[in-house]
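Residue numbers (full-length UniProt numbering), protein chains in the order written: chain Y, 1 to 340; chain L, 1 to 207.
Beta-carbon label-pair distances, calculated as ranges: (1) Y:N84 with L:A33: 51 to 59 Å; (2) Y:D316 with L:A46: 50 to 58 Å; (3) L:G103 with Y:Q106: 31 to 39 Å; (4) Y:Q219 with L:A33: 35 to 43 Å; (5) Y:V147 with L:K166: 56 to 64 Å; (6) Y:G70 with L:D183: 21 to 29 Å; (7) Y:G87 with L:P31: 51 to 59 Å; (8) Y:G203 with L:P171: 24 to 32 Å; (9) Y:G307 with L:S98: 49 to 57 Å; (10) L:A101 with Y:S142: 51 to 59 Å.
Some, not all, of what chain L presents toward chain Y, calculated at C-beta under 10 Å: (11) G52; (12) E115; (13) W122; (14) V130; (15) Q172; (16) P201.
These aren't lab readings, by the way, just hints derived from the structure by calculation.
Ideal Cβ placement from N, Cα and C applies to all residues, glycine included.
These are the residues of each chain, in order.
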Amino acid sequence: MNKSHPLLIVIGGCVLLGSVATGLGYWLTGGGPQSFRSDIVVHNSDGSPDSPPQASSPESASATDNTGAGPDAGPPPRSAIPDNEFGALVRKGEQIFADPGQYAGQYVGNDLRCQSCHFDAGRYDKTAPMRAAWPMYPAYRSKNQHVNDFAERLQGCFTYSMNGKAPPRGSDILQALEAYSFWLAKGTTVGESLPSKGFPDIGKPQQAPSYERGQAVFQANCALCHGADGQGQQAADGGYGFPPLWGKHSYNWGAGMHKVETAARFIKAAMPLGNPALTEQQAWDVAFFVNSHERPQDPRFDGSVQGTAKQFHHHDYARYGQSVDGQVLGSQAPPSATVP
Amino acid sequence: MTRIPLLAGLLILSSAALAETADTAQSLAQPCAACHGQKGQGGMGAYPHLAGLGETYLKRQLDAFASGQRDNPIMKPMASGLSDAQRATLARYFSKQSPAAPGSNPPADNGAGAELVRHGRWQDDIPACVQCHGPDARGIGKDFPGLAGQPAGYLQDQLKAWRNGKRQGDPQGLMSAVAKRLDDADLAAVADYLASLSAAPGQEGQP
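Please put together the full structure from these sequences, using the hints given.
Below, the structure is given as structure tokens:
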């Protein structure tokens, strides 16, 4: 990284492009009150509420795709990026995705990167790959209650997950990210939801998520990389290390990842990195714990935490506006949109 | 008034304590130089450099050599002959040394190794090395050691040991889990590429 955004990798963080199409939105921006059960693959284009980030169970995801043509082949290899002007834009999109602090720094307000949550620069099929998002837009999103095209969806990532500002429509940054996503989606069917969309469903928790259990899970499994204080670590030379999970350098109260279920799905699928072995219940508990900490304000803040909570935070186990250790979450939030 | 002499006295005392610690560390480190180079900077064939690696990591390795958890016939007697405090002193000492200056060789041009190191192979659930070992493979924090510039043979041996269980004790079993997903060709390619990178910041050898 070497630039203004030191850490970034994080976990939750990023979320930038989430499940891409619908899912995208979801996790980044915290959708509205819809349910995310996901045995159903819904999409948004029919005017229904946001579809779940993940449209089908992991089992079905690995076994079939929606076309009945067998497993999804996945995105093309990096080596297939063409050597022409289009390929140059695709490469630029991948660079932004991997290091937005450097390549889109004026729109990034925290220490996360898109690939903090969307692993392998948005390619990994268990972390809301861009391949599954791109074909699903335009789509209705309950989050902002209108039909969003893909560019607007990407803007939401910057506003919420990156705690930054939306790059202008038509800007080279959005065009590069759109080109990159389009290229990753090669071979998919427009309007057909891939099983990999969003983060894999983990059902509902057997027990209501617990802060105390989550804290224990965190200390045993997460603190090694993200620090006992959740603030992540920088690499030896100041480059990206492990991303901060809460506080002013992490995603804000409007990001999809602030929702306990979205974070739990991501954690179950991907954490600890390289050896994801938590149970579903542990994932719920630790997601609840992580999201029970203060983080940058919801960009939709209306001047009152309770008012903002009432409007935008009805999802299951919502933490914003709730009291933790006598302090109301959201009441001490650092500012949103803290771009350089 | 009395504060100044008192403060001066404390400074003298603490300087003396620091000097003594440095002497102790340097003398403790003398035997290490034969294999690990002056100040642990390596350059001694297949033996790893120690300079600049994380303190917690180094201490854990010395403990593991002493206990036999990390099986090594050379290091076992060396580490066993040290007290716990001496092992801690050595770990701190080597963690504070600077790695050798970068060489002039460019990174190895092997596509497979570079790809695994920089991007991983996520279709097989293999993360990129740089995700835990830093974007330049020079380490993160006290637990994740730098790999850049370590001898290829050493790296390959360690990866094999993680894979077959001869090396254990990695926090949360993270390295063992990843190594088990790598085949022999992967190990060789990754080791060659990491060995070609520079352990110290500089123009060359950056991934």
